[in-house]
Amino acid sequence: MFARVSEADFSQQALYDELCLNNQASQSGAVVTFTGRVRDYNAEGAIDGIELEYYPGMTESALQQLLAQATTRFGLTNAGIVHRVGRLPNQAQIVWVGTCAAHRQDAFSAASYIMDMLKQSVPIWKKEWAGDTSTWVAAKGTDNEAAMRWLTDDKDD
Amino acid sequence: MKVKLFAQIREVTGTESLEMAVPDDATIEGVRQALMAKGPQWQQALSANVLCACNQTLCDGTMVVSEQDEVAFFPPVTGG
Chain A
1 MFARVSEADF
11 SQQALYDELC
21 LNNQASQSGA
31 VVTFTGRVRD
41 YNAEGAIDGI
51 ELEYYPGMTE
61 SALQQLLAQA
71 TTRFGLTNAG
81 IVHRVGRLPN
91 QAQIVWVGTC
101 AAHRQDAFSA
111 ASYIMDMLKQ
121 SVPIWKKEWA
131 GDTSTWVAAK
141 GTDNEAAMRW
151 LTDDKDD
Chain B
158 MKVKLFAQIR
168 EVTGTESLEM
178 AVPDDATIEG
188 VRQALMAKGP
198 QWQQALSANV
208 LCACNQTLCD
218 GTMVVSEQDE
228 VAFFPPVTGG
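Each protein sequence line maps, in turn, to chains A and B.
At position 131 of the first sequence the residue is numbered 131 (the working numbering), and the sequence of numbers has no breaks.
With positions in the second sequence counted from 1, the corresponding number in the working numbering is that position plus 157.
Keep in mind that the hints were calculated from the coordinates and are not lab data.
A virtual CB, placed ideally from N, CA and C, is assigned to each residue, including glycine.
Treat the hints with care, as some may be off.
Stated by the list, open to error - Interface residues of chain A toward chain B, partial, derived using beta-carbon atoms under 7 Å: (1) E53; (2) M115; (3) R149.
Kindly produce the complete structure, drawing on both the sequences and the hints.
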């Protein structure tokens, strides 16, 4: 497993290769990867990139915990997250998640779970730039609902 | 204790981190109230919808903290 916070851009191929290299290949019939990118608009109109702040130490350990939770819940054979921070232009890659499992459904579900929970519980804050002005992004109700869906499933289990 | 502030809270208060003395039975909520008493910006920044962490783990306001702890206040997270 790997969980990293980085200002530098990443190569999806390099991360995929790393995920598979450290994997119990014979047990993993499925690898799912997700990449999040910077949109060039918000509800008000065009934007000129974003800026991400994080809590050094806590952010990395929260990402690590999230991978551990997903591994237990979905029986993953390997998983990784890379989250970028700092100023990022439109279309830049922001976040990468990779999950390995014996079958595709667990790999898909785990990638979805990691992204939903990341938006709810990992200390990272996003600011959007438009010209010289910047606005902190407010937490979205829909993101909260997405995370709550997984937490409600826990109760039903 | 060491207090760290992030995002809007850091910007509105103009403070990234500070050291403060706390009584033996201090809670996170007590620390928040003490910080809010520092002025209108502090009041504004820390009054609504604030999450807190003690030693880099999320916690609630009732948690008892001591001089050696690192406490952080920040808005709801918006990564991904």
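Taking the hints in turn, this is what the structure says about them:
no.: 1; hint: E53; in the structure: holds (6 Å)
no.: 2; hint: M115; in the structure: holds (6 Å)
no.: 3; hint: R149; in the structure: violated (16 Å)
Hint 3 from the earlier list is the only one contradicted by this structure; the remaining hints agree with it.
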